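Student: Here is how the chains run, residue by residue.
Protein chains: 2
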Amino acid sequence: MTKFIDVTLPFSADLPCWPGDPVAEIELISSTADGGSCNVTKISTHVHYGTRVDAPVHFVPGGKGADQLTLETLIGPAEVACFETEDKITAADLDGLALPAGTKRLLLKTRNSALWDLPTHPFERDYVAFTPDASEWVVANGIDLVGIDYLSIERFDEPGHATHHILLGKEVVVIEGLDLRQVEAGSYHLICLPMKLKDADGAFARVVLQRE
Amino acid sequence: MTKFIDVTLPFSADLPCWPGDPVAEIELISSTADGGSCNVTKISTHVHYGTRVDAPVHFVPGGKGADQLTLETLIGPAEVACFETEDKITAADLDGLALPAGTKRLLLKTRNSALWDLPTHPFERDYVAFTPDASEWVVANGIDLVGIDYLSIERFDEPGHATHHILLGKEVVVIEGLDLRQVEAGSYHLICLPMKLKDADGAFARVVLQRE
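So the protein lines, in turn, are chains A and B. Numbered per numbering that gives the first Met the number 0, the first sequence spans residues 0 to 211. Numbered per numbering that gives the first Met the number 0, the second sequence spans residues 0 to 211.
FYI, nobody ran anything at the bench for these hints, they're computed from the structure. Fair warning: there could be bad hints in the mix.
No copy is singled out in the list; a pair is fine if it fits within one copy or between any two copies.
[Stated by the list, open to error] Taking lysine-lysine pairs in the BS3-like style, the calculated list, with each CA pair at most 30 Å apart, reads: (1) Lys197 x Lys169; (2) Lys2 x Lys169; (3) Lys169 x Lys63; (4) Lys87 x Lys169.
Every value quoted in this text rests on a predicted model; they were computed, and no experiment measured them.
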């Protein structure tokens, strides 16, 4: 295996935040600079911030929480596909990839990734994401995990949150907020380990790729 | 490789908390049960809670933060050693292990692990941890990462926090709060992925072992 490629955003309070959501707060509650024996950071944030996974219960009442996502899904071979000129990703786009048989994990690199050149940019509504039929395609093709390089797998203001309902209703793991700038299309080994936050609708994740 | 063994505590607000520290708070800020379109969890907690890593800046002013710990240290072969009757772990104990040459990562299973039979137990001061000379041994023997199965690598009320200063002063990665109940002594492949919390003194980590 080759070296690790870290596709996780550094988590800080100045990352773009979903419109209307509370921004993250990060503070030192003990500081060596103020005479404390050690530095201790406190964070206050909702869990759909930075690089994270969605768990089914984000949109499915009674669905599985972030701690129940299976490691066998979160770790394993993955395909990275590039759609660097598209404004949305459709079923036809995914079909056109002609993915290797048995693909279970699919990460999408789009023009979104370039936004991470400035990690503190204002939230961008015109990001690239799945149409609902792309989500149906994922489910129909037995893909267990999808990831994308902006803050939602679903387009902004998608009616009824159809994309999330389709994917999470079938327990597809969704990774949002990937930084795929250093990654080209191809086959990789994915390691996605979310915080084991009991029963939660999402969790911060550290996501790493290795070229197969 | 064999199946994954998850040695991470499920994170919840009722895990034991270091005496005097604020307990974690977890709340829903949007809820389908209350008519929201989705469930959104907010957490407010310091980062030395549950299963986590310490970064050098926890005790070393100007030291590296959690986002700067190297993936090459966090992932790779590890030895698990058992000290199930000892009340503390000394340099002599570690020396007696006769670890394989080149060991870089060492996890310690002690009687602490049994405390996780009741994850909500009150904080236990009489936990097993390193003496300062054990930390000196780790540094002298070129070990880059150590992990233990309670909430500190250092004994309670260790004068001057000697153990932390020795380990973090040499940029040894410290994992605390492991649940090693299902793990026996031997050689494993370790995957420890902490939240990529920028410049922070620690970070929640998801920690997984595979038997080599």
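Student: Tell me, please, which holds for Lys169 and Lys63 at an alpha-carbon limit of 30 Å: within, between, both or neither?
Tutor: within (11 Å within a copy, 41 Å between copies)
Student: At most 30 Å between C-alpha atoms: does Lys197 with Lys169 qualify within a copy, between copies, both, or neither?
Tutor: Classified as within: same-chain Cα gap 20 Å, cross-chain 34 Å, threshold 30 Å.
Student: Up to 30 Å between alpha-carbons, please classify Lys2 paired with Lys169: within, between, both or neither.
Tutor: between (33 Å within a copy, 24 Å between copies)
Student: Pop the pair Lys87 and Lys169 into one bin, within, between, both or neither, using alpha-carbon distances up to 30 Å.
Tutor: within (22 Å within a copy, 48 Å between copies)
Checked against the numbered hints given earlier, the structure satisfies every one of them.
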